[in-house]
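2 protein chains.
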Amino acid sequence: MNNQPINIQEKLTKFHTFWSPKVVAEMNNYQLKVAKFSGEFVWHKHDDTDEVFLVVKGELTIRMREEDVVLKNGDLFVVPQGVEHCPYAKEECHVILIEPKGVINTGEVKSSLTAENDVWI
Amino acid sequence: MNNQPINIQEKLTKFHTFWSPKVVAEMNNYQLKVAKFSGEFVWHKHDDTDEVFLVVKGELTIRMREEDVVLKNGDLFVVPQGVEHCPYAKEECHVILIEPKGVINTGEVKSSLTAENDVWI
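Protein sequence lines correspond, in order, to chains A and B.
The first sequence begins at 934 in my numbering and counts up one residue at a time.
The second sequence begins at 934 in my numbering and counts up one residue at a time.
Please note that a few of the clues may not be correct.
When chains are identical, the list treats them as one kind, so a pair holds in a single copy or across two.
Unchecked claim - Distance condition first, Cα-Cα at most 25 Å in a straight line; then the derived BS3-like pairs of lysine-lysine: (1) Lys969 - Lys990; (2) Lys990 - Lys1043; (3) Lys978 - Lys947; (4) Lys990 - Lys1005.
Please keep in mind that the hints were generated in silico from the structure rather than gathered at the bench.
All chains should be built: construct the whole structure from the sequences, respecting the hints.
See below:
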């Protein structure tokens, strides 16, 4: 067992690529990831799972078909399973993502923004 | 669907009882909770699940039988399933907990610190 604390801010200094979530911890079959967002992502959904976004720097808009939600630092939001969404960050923002292991960042959509999965940092 | 962001700090202003986790969100069959810790908790374990601690204020020591881990603001740690632990906060600290719905704060131990489960705030 590795008894070292995992510091979110320190992990975020270790990469600069936007829209490329990095795994920092696992809990059961779930993963906690950190990611940097800037600009507009792609519309997509996750048919099998909810997805948690927790903003730790900046501001994130999660566009959905019915209504947008705007997350500031310290805000979290759970995008329900099957709900189409498109994250958008006018300026760079940093987030913690929580979701089951194996979830692809672009869901059912293949895109140039589809990131390699299960990359630890 | 409730499209309101959930602000962690705002949720933490809504209660003052130590060792009494409050649910702020659900993701699939998992819950995100906020809690305030002060002093020493009880030794316990969770036989069926890992447990995530993410510190958002102050400092938390998670005592374990083999080694302690000290978490500062922005640090997270996953206590593995079945591992005995005893949280300790010399001064008040605030945490986010992530674990499956139904997990009791004192695990297999019944204590005066056993909190009511599934209390939303």
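Against the structure, the hints:
1. In this assembly of identical chains, Lys969 and Lys990 lie within 25 Å of each other by CA distance both inside one copy and across copies; the values are 9 Å within and 23 Å between.
2. In the homo-oligomer, the alpha carbons of Lys990 and Lys1043 never lie at most 25 Å apart, since the shortest distance is 28 Å inside one protomer and 39 Å across protomers.
3. For the identical chains of this complex, Lys978 and Lys947 are neighbours neither inside a copy (28 Å) nor across copies (33 Å), given an alpha-carbon limit of 25 Å.
4. Taking the closest pair of Cα atoms, Lys990 and Lys1005 come within 25 Å of each other both inside a single copy (8 Å) and across two copies (18 Å).
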